[in-house]
Amino acid sequence: MERSEFVNALAKRDPTAWRNFVEEYGRIAEAVAARLGFQEADRDDLFQEICLTAMRTIGTLQDPKRLASWVYTIAYRIGIDRLRGRRRELSLAEGDGLLGGPATNGVQEDALQVLVRLERVAALWDVLAGLDDRCRRLLTALYLSEPRMSYEATAQQEDMPIGSIGPTRARCLEKAARDLKKLSSRHRDPSTGRSRATGAAQERRM
Amino acid sequence: MHATYREILDCIESPESVPRGVRSHVETCSRCAERLAEAREVLGDFGQARLPSPPTDRIARTWERLEALLAGNTEEDARRRAGESLRAALRWSAEATRQVAAVLTGDSLVPAAGLRGPSQAAPRMLRYETDSYRIAVALSAPAAKTYDLRGQVSPLRGASVPAGGWVAADAGEDASEAPLTEFGEFQFRRLPARETDLLIALDDELIQLRVPNPSG
Chain H
755 MERSEFVNAL
765 AKRDPTAWRN
775 FVEEYGRIAE
785 AVAARLGFQE
795 ADRDDLFQEI
805 CLTAMRTIGT
815 LQDPKRLASW
825 VYTIAYRIGI
835 DRLRGRRREL
845 SLAEGDGLLG
855 GPATNGVQED
865 ALQVLVRLER
875 VAALWDVLAG
885 LDDRCRRLLT
895 ALYLSEPRMS
905 YEATAQQEDM
915 PIGSIGPTRA
925 RCLEKAARDL
935 KKLSSRHRDP
945 STGRSRATGA
955 AQERRM
Chain V
36 MHATYREILD
46 CIESPESVPR
56 GVRSHVETCS
66 RCAERLAEAR
76 EVLGDFGQAR
86 LPSPPTDRIA
96 RTWERLEALL
106 AGNTEEDARR
116 RAGESLRAAL
126 RWSAEATRQV
136 AAVLTGDSLV
146 PAAGLRGPSQ
156 AAPRMLRYET
166 DSYRIAVALS
176 APAAKTYDLR
186 GQVSPLRGAS
196 VPAGGWVAAD
206 AGEDASEAPL
216 TEFGEFQFRR
226 LPARETDLLI
236 ALDDELIQLR
246 VPNPSG
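Chains H and V, in that order, give the protein sequences.
With the first letter of the first sequence counted as 1, position 72 gets the number 826 in this note's numbering; the numbers rise by one all the way through.
With the first letter of the second sequence counted as 1, position 17 gets the number 52 in this note's numbering; the numbers rise by one all the way through.
In short, the hints are calculated from the structure, not lab data.
Predicted model only: the values in this text are computed from it and were never measured.
Accuracy of the hints is not assured; some may be wrong.
[Stated by the list, open to error] Quick list of simulated restraints, FRET-style, between CB atoms:
(1) D887(H) to P50(V): 29 to 39 Å
(2) M755(H) to K180(V): 44 to 54 Å
(3) T827(H) to S167(V): 51 to 61 Å
(4) R96(V) to E759(H): 51 to 61 Å
[Stated by the list, open to error] With a straight-line Cα cutoff of 20 Å, these simulated DMTMM-like cross-link-like pairs (lysine to aspartate or glutamate) come out:
(5) K929(H) to E51(V)
(6) K929(H) to E99(V)
(7) K935(H) to E99(V)
All C-beta atoms in this analysis are idealised placements derived from N, C-alpha and C, irrespective of residue type, glycine included.
Same shape as in the complex, but just chain H (with noise of 0.2 Å):
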C-alpha cells in the first residue's frame, strides 16, 4: 500500500491499517522510549500514550510522505514531557539539559547522539516510503528485513538475477542518500537550522 493511501487509512480510522500502523510505527515509539532511558514498567504506558496520540491528531499530519519523523517527533516530545514531569516530581537541580540529570555524567550526551541518529532513521524511513516500488522492495529485504536478507535470498524473492543486485541497489542507494538530504535540509528547525535532537546536544554543550 502507498504511504499516501495508508495515511487516508488513518485518518479514515481503518482497524487494519492502525492496527499494522502500532506493529510497524510503533517500532519508532519503542525505540524513542527505550533511548529515552524508560524502564520496562513505564515504557508500556508510555508506548500506549504516542499511539492515542497518533490516532487523536492523525488529522494534522500534512505530509503524508512525512509519517515517520512525524511519530518520530510526537514520541520525542511525549517522552521528553515526562521526563521533565519526573524531573520536577524529584526536584532536580536546575540547569540540566532536556533529559535530566547532571550534564557531567555523560549518559545524556549518549542519548542526544542517538536520539538524532534514530531521527535520521525516522527520515529514512519516509525516504524510503517514497521510492519507487522497486527500490523500496529491494532495499527493505537487504536492511529492514528481520534477519537481514542475503544477495542470494533477495534476488530470489525480488525474482531479479543476482548479478542485478548490486547495481541496482547503489542505484536506489544514492536515490536514497539524495531525497534524505533534501528531505533533512528542508525539515531543520528555520530558527536553529538544526535538527531537534541536534539542537538540544548542541545546546548542552554551550
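Based on the hints, put chain V in the right spot on chain H.
Relative to the frame of chain H, chain V by itself:
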C-alpha cells in the same frame, strides 16, 4: 571521470576490490569525496534502520485501547463528542439573530402565591418563559450524583415549535446535546447533579436558561 556510485559504495564496503586508479581519484576529487561522505552516512543510517518490534503483549494492550477509541467507546470520546456539540452550539449562538434569556416563572419547590404550597415530590417542576415560548422542565430525584431532565418547549403563539431544533446541556466539564421532537420535547439522562445551563436552539432564536442544582 568521476567514480560511479557503485564504485563509491565499494570504496566503503570492499576497498580492496576497487581499482587503484578509482581509489586515488576519489581521494583527490572533492565532488567524489563529498559523495563518499554522503554514501557513508546513508549506509550508516540504513545500518540503524532496522528497529526492534515492541513486545507482543505491549502491542496487544495498546491495541485494546486503540480499538476502544476506534469504536468511540471511551469516556474521553463521550466528553469529546459532547464538547464538540457544545462548541457547535456556541458557534451557532454567535450567528443566531436573536438570543434570549428565559425567566424562571415557576418552581414546584417554591410556594406559588394563591396557587399551592411547596412540593417535595419528584419530579421537581420548573417553568420558564420568554416572549415567544414557555419551557417546562422536570427534574428527577438525584441518584448516584446524577439525575434525568425532561422538558418541553411550547410556543405562546402558533401551533408548534420550528423543526430541527436541539438543546445543549452544559454542566461545567460535562456537556451533552439532545434533539427537540416535533412536539418540542427533549430529555437528558444521567446529567451530573449540579447547576446546568440549557441552550435551546429554535430556528433563528437561541434561548438560554439555568436549571438549579437538583440536590437543592
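Hint check:
Restraint check, D887(H) to P50(V): a C-beta distance of roughly 32 Å satisfies the suggested window 29 to 39 Å. A beta carbon spacing of about 48 Å between M755(H) and K180(V) agrees with the range 44 to 54 Å that was offered as a hint. As the Cβ distance of T827(H) to S167(V) is approximately 53 Å, the hint placing it in 51 to 61 Å holds. Take R96(V) and E759(H): their Cβ atoms lie about 28 Å apart, and the range 51 to 61 Å is violated.
This hinted pair does not check out: K929(H) and E51(V) have alpha carbons roughly 25 Å apart, beyond 20 Å. For the hint linking K929(H) to E99(V), the alpha-carbon distance of about 39 Å lies beyond 20 Å, and the restraint is violated. The suggested pairing of K935(H) with E99(V) is violated, with an alpha-carbon distance near 39 Å, which exceeds 20 Å.
Hints 4, 5, 6, 7 from the earlier list are contradicted by this structure; the remaining hints agree with it.
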